Amino acid sequence: MQIIDTNVNLSRWPLRRLPLDDPAKLVARLHHQGVVQAWAGSFDGLLHKDIAGVNLRLAADCRKYGNGLLLPFGSVNPALPDWEEDVRRCYQQHQMPGIRLHPNYHGYQLDDSRFARLLELAGERKMIVQIALTMEDERMQHPLLRVPHIDTGPLLELAGKRYEVPIILLNAFRSLRTEQVAKLVAAGNIYIEIAMLEGVGGVEKLLREVPIDRVLFGSHAPLFLFESALGKLRESALGGTARKTIGLDNARRLLTT
Amino acid sequence: MLNAGLHPTSQVLAQTGHGNRIAARAEPDRLATETMRIWDGHTHLANVQGGKPANRMARLLEYADRMHIERLVTFMGWPFDYNPGPDEIRRQNDQVLEAIQAWPERALGYAYVNPNHIDRSLAEMERCIVRGPMVGIKLWVARRCNDSALDPIVQLATNLQIPIFQHTWLKITGNLPGESTPADLVELAVRHPRATFLCGHAGGDWEQGIRTVRPYKNIFLETAGGDPTAGIVEMAVRELGPERVIYGSDAGGRSFASQLAKVSAAEIAEQEKRLIFGANLRRLLGPVLKTKGVKR
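Protein chains in written order, with numbering that gives the first Met the number 0: chain A, 0 to 256; chain B, 0 to 295.
Calculated from the structure, these hints are not laboratory results.
Worth double-checking, as some hints may not be accurate.
Restricting the straight-line Cα-Cα distance to at most 16 Å, the calculated cross-link-like pairs of lysine to aspartate or glutamate (EDC-like) are [claimed, not checked]:
id, chain 1, residue 1, chain 2, residue 2
1, B, 291, B, 104
2, A, 204, A, 178
3, B, 170, A, 136
4, B, 51, B, 93
5, A, 24, B, 266
6, A, 160, A, 123
7, A, 182, A, 150
8, A, 243, A, 212
9, A, 182, A, 208
10, B, 170, A, 137
11, A, 63, A, 21
12, B, 170, A, 135
To give a feel for the contact side, a few chain B residues facing chain A, derived at Cβ under 8 Å [what the hints assert, rightly or not]:
id, residue
13, 30
14, 46
15, 59
16, 65
17, 66
18, 170
19, 230
20, 233
21, 250
22, 251
23, 257
24, 259
25, 260
26, 263
Fair warning: this is a prediction, and the values are worked out from it, not measured in the lab.
Yeah, the Cβ is synthetic: ideal placement off N, Cα and C, and Gly gets one too.
All chains, full assembly: derive it from the sequences and hints.
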C-alpha cells in the first residue's frame with residue numbers, strides 16, 4: 000500500500016532525542032513502510048523566532064533527503080513582525096504547497112485577526128493550511144513548557160467563510176472528541192488526520208461520524224512511531240478501497256485541486 | 000479450507016467472511032508482529048461494543064486477531080469506577096469472569112480490588128483467583144499504593160505468587176487524590192520484596208517512571224496507555240533490561256496499533272521484542288498458570 004503521510008517533522012524535538020530525528024533515517028523508515036510522500040514541518044517552528052531560517056533549512060532538507068519523498072510545509076507565526084513575508088517566501092521562494100501553524104506555541108488564538116488574514120493570504124495562493132492542535136500529551140509536558148491545546152471554537156465560523164482554503168487539523172484527537180471533529184468537518188473545508196486517534200477500531204468508528212474524504216493519514220513521526228498510524232489502518236475493519244482513500248487518495252486530491 | 004498459518008480462532012473467524020482480516024493476512028507484515036506470540040497484559044471491556052461481557056471480549060478479539068495478538072489479559076468491568084464499593088467490586092469482577100470464561104484459550108483476567116474495602120478485596124481474591132480462573136490483581140486509583148492498607152492484599156498476592164498490577168501516572172496537571180505515582184509503588188515494593196509488581200503505564204511520564212523503578216528488581220514496567228512516543232521501549236530496555244518490560248495496550252480505550260508500535264518499531268533486538276511482547280508475562284504468570292492448567 001502506498002501512503003502519503005501528512006504529518007511528519009524534521010529537525011529536533013526540543014525535549015528529547017528521537018530514534019529517527021536524523022532525516023536520512025526518518026526517510027529510510029518511511030520509504031520502507033510504503034510512504035511515497037511525507038508532508039514535513041519542522042520542530043524548529045515551535046520555538047524559533049527566526050522563522051525564515053527555519054523554513055530555509057526545512058526546504059533544503061526536503062531537497063537533500065528522500066529524492067522528493069519529503070514535501071515541505073513551512074512554519075508561519077503571525078505573532079512575529081513582518082510575518083506576511085514568511086507566507087510569501089513559503090509560496091514563492093520555497094514553492095511549498097502549504098504551511099503549518101502552531102498557535103499554542105506562538106501565543107495567539109484562532110479568533111485573532113492575524114489568523115483570519117493568514118487564511119486570506121493562503122487562500123489567494125491556494126495553499127493548504129495545517130494547524131497542529133497539540134504536539135504532546137499535556138499530562139507529561141515539561142514543567143517549564145506547558146502549552147495548552149488550541150481552542151477550535153472560532154474555526155466553526157471561520158471555516159464557513161474561507162471555504163477555498165483547505166484546513167488540516169493535525170493531532171486533533173488529544174483535545175477533541177469525535178463529535179467535535181465531525182462538527183468542524185461539516186462547517187467547512189476541514190480535514191483531519193489519524194496520528195492521535197485512539198480507541199480500539201478507531202478509524203472505523205471515526206468513519207461513522209466523519210466522511211471518509213476528509214480523513215487523512217498522518218503519523219506525527221518521528222515524535223510518534225510511524226507504525227502506530229500504519230497499524231490503525233489494519234486494526235479497523237476497512238476494505239482496501241477505504242485504506243487507499245485515507246492512506247493516499249485524499250491527500251493527493253488536496254495537492255492537485 | 001482452514002489456513003494452517005492462522006491461529007485456530009482466527010481460522011474460524013476468517014471463515015465467517017471478515018474480508019479485512021483475510022486481506023491483512025495476505026499483505027506483508029509491515030508491523031512485524033505476526034511471529035511474536037503476543038500476550039497483551041492490559042485490556043478492558045469498557046469502551047468496547049458488544050453489550051454483554053462475552054460479546055465484548057469477542058469484539059476485542061476480532062481486533063486482536065487483525066494485529067496478531069494471541070492472548071489478552073483483561074480487568075475491571077464497566078463503567079469505570081475510581082472507588083468501587085464492595086458490591087461493585089464483585090459485579091465488575093463477575094463481568095470479567097464471564098468474559099474470560101467464554102474465551103478460555105484467548106483471555107485471562109486479574110481481579111479488581113480496592114484497598115478501601117479490604118475484606119471484600121481479600122474475599123474476591125479467594126473467589127476469583129484461588130477458586131476461580133483469574134491470575135493476578137489490579138489496583139487502580141482508590142488509594143495511593145504506598146498506604147499500609149494495601150499490605151494484606153499484597154501479602155496474599157505474594158503467597159499466591161501472582162503479579163500485582165498497580166496503575167501509576169505522574170501528571171504535571173495533577174494526579175487524582177488516590178492516584179499512585181511510580182515513587183508510591185517503590186515504597187510498596189520495598190515493603191514487600193518478595194512480591195511482583197507491574198508498574199502500570201510506565202508511570203505515564205515514562206522518562207521519570209523508568210528511572211524511579213530502575214533499582215527495584217521486583218517492579219516490572221508495563222508499557223500501556225500513553226502515546227506511542229518514540230524511544231520509550233529503548234530507554235526501558237537500556238535502563239531495566241528487556242526482561243523487566245511487559246507489553247500492554249489499555250485497549251479498548253487505546254488502540255492496539257499505537258501500543259504495539261512502541262515495541263514492534265523500537266530499535267531493539269528481535270529477541271528482546273519477543274520477551275517484551277509475551278515471554279516476560281508468561282514467565283511472571285508461570286506459577287499461577289500452572290495451578291490453573293493453562294499452557295504457556
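Hint check:
Between residue 291 (chain B) and residue 104 (chain B) the CA atoms are separated by roughly 12 Å; this keeps the pair inside 16 Å, and the hint holds. Taking the CA atoms of residue 204 (chain A) and residue 178 (chain A), the gap is near 11 Å; set against the 16 Å cutoff, the hint holds. Annotation: proposed proximity of residue 170 (chain B) to residue 136 (chain A) holds, straight-line Cα distance about 10 Å (limit 16 Å). The suggested pairing of residue 51 (chain B) with residue 93 (chain B) holds, with an alpha-carbon distance near 11 Å, which does not exceed 16 Å.
Under the criterion of a C-alpha separation no larger than 16 Å, the hint pairing residue 24 (chain A) with residue 266 (chain B) is consistent with the structure, at around 12 Å. With a C-alpha separation of about 14 Å, the suggested pairing of residue 160 (chain A) with residue 123 (chain A) holds against the 16 Å cut-off. Taking the CA atoms of residue 182 (chain A) and residue 150 (chain A), the gap is about 14 Å. The hint holds against a cut of 16 Å. About 11 Å separates the Cα atoms of residue 243 (chain A) and residue 212 (chain A), which keeps this hinted pair within 16 Å; it holds.
Taken as a hint, the residue 182 (chain A) and residue 208 (chain A) pair is honoured in the structure, with Cα atoms around 9 Å apart against an allowance of 16 Å. A hinted pair counts as satisfied when its Cα atoms are at most 16 Å apart, and residue 170 (chain B) with residue 137 (chain A) qualifies at roughly 9 Å. The hinted pair formed by residue 63 (chain A) and residue 21 (chain A) meets the criterion: a straight-line CA distance of about 12 Å does not exceed 16 Å. Taking the CA atoms of residue 170 (chain B) and residue 135 (chain A), the gap is near 13 Å; set against the 16 Å cutoff, the hint holds.
For the restraint placing residue 30 (chain B) at the interface with chain A, the shortest Cβ-Cβ distance is roughly 5 Å, inside the 8 Å limit, so the hint holds. Evaluation of the residue 46 (chain B) hint against chain A yields a held restraint, the C-beta minimum of about 6 Å falling below 8 Å. A least Cβ separation of about 7 Å between residue 59 (chain B) and chain A falls short of the 8 Å threshold, and the interface hint therefore holds. For the restraint placing residue 65 (chain B) at the interface with chain A, the shortest Cβ-Cβ distance is roughly 6 Å, inside the 8 Å limit, so the hint holds.
At its closest, the beta carbon of residue 66 (chain B) sits 6 Å from a beta carbon of chain A; the interface hint therefore holds under the 8 Å criterion. Using the Cβ-Cβ criterion of 8 Å, the hint placing residue 170 (chain B) at the interface with chain A is satisfied: the shortest such distance is roughly 4 Å. With its C-beta approaching chain A no nearer than about 6 Å, residue 230 (chain B) sits inside the 8 Å limit, and its interface hint holds. Against a cut-off of 8 Å between C-beta atoms, the interface hint on residue 233 (chain B) holds, since the closest Cβ of chain A lies about 7 Å away.
Residue-level restraint check for residue 250 (chain B) holds (minimum Cβ-Cβ distance to chain A is 5 Å; threshold 8 Å). The interface hint given for residue 251 (chain B) holds, since its Cβ lies 4 Å from the closest Cβ of chain A, which is under the 8 Å cut-off. Contact between residue 257 (chain B) and chain A, as hinted, is supported at the beta carbon level, the nearest pair being about 4 Å apart and thus within 8 Å. Interface hint at residue 259 (chain B): satisfied, since its Cβ lies 6 Å from the closest Cβ of chain A, which is below the 8 Å cut-off.
For residue 260 (chain B), the interface hint holds, since its Cβ comes within 8 Å of a Cβ in chain A; the closest pair sits about 4 Å apart. The criterion of a C-beta within 8 Å of any C-beta in chain A is met by residue 263 (chain B), whose closest approach is roughly 6 Å, and the hint holds.
Checked against the numbered hints given earlier, this structure breaks none of them.
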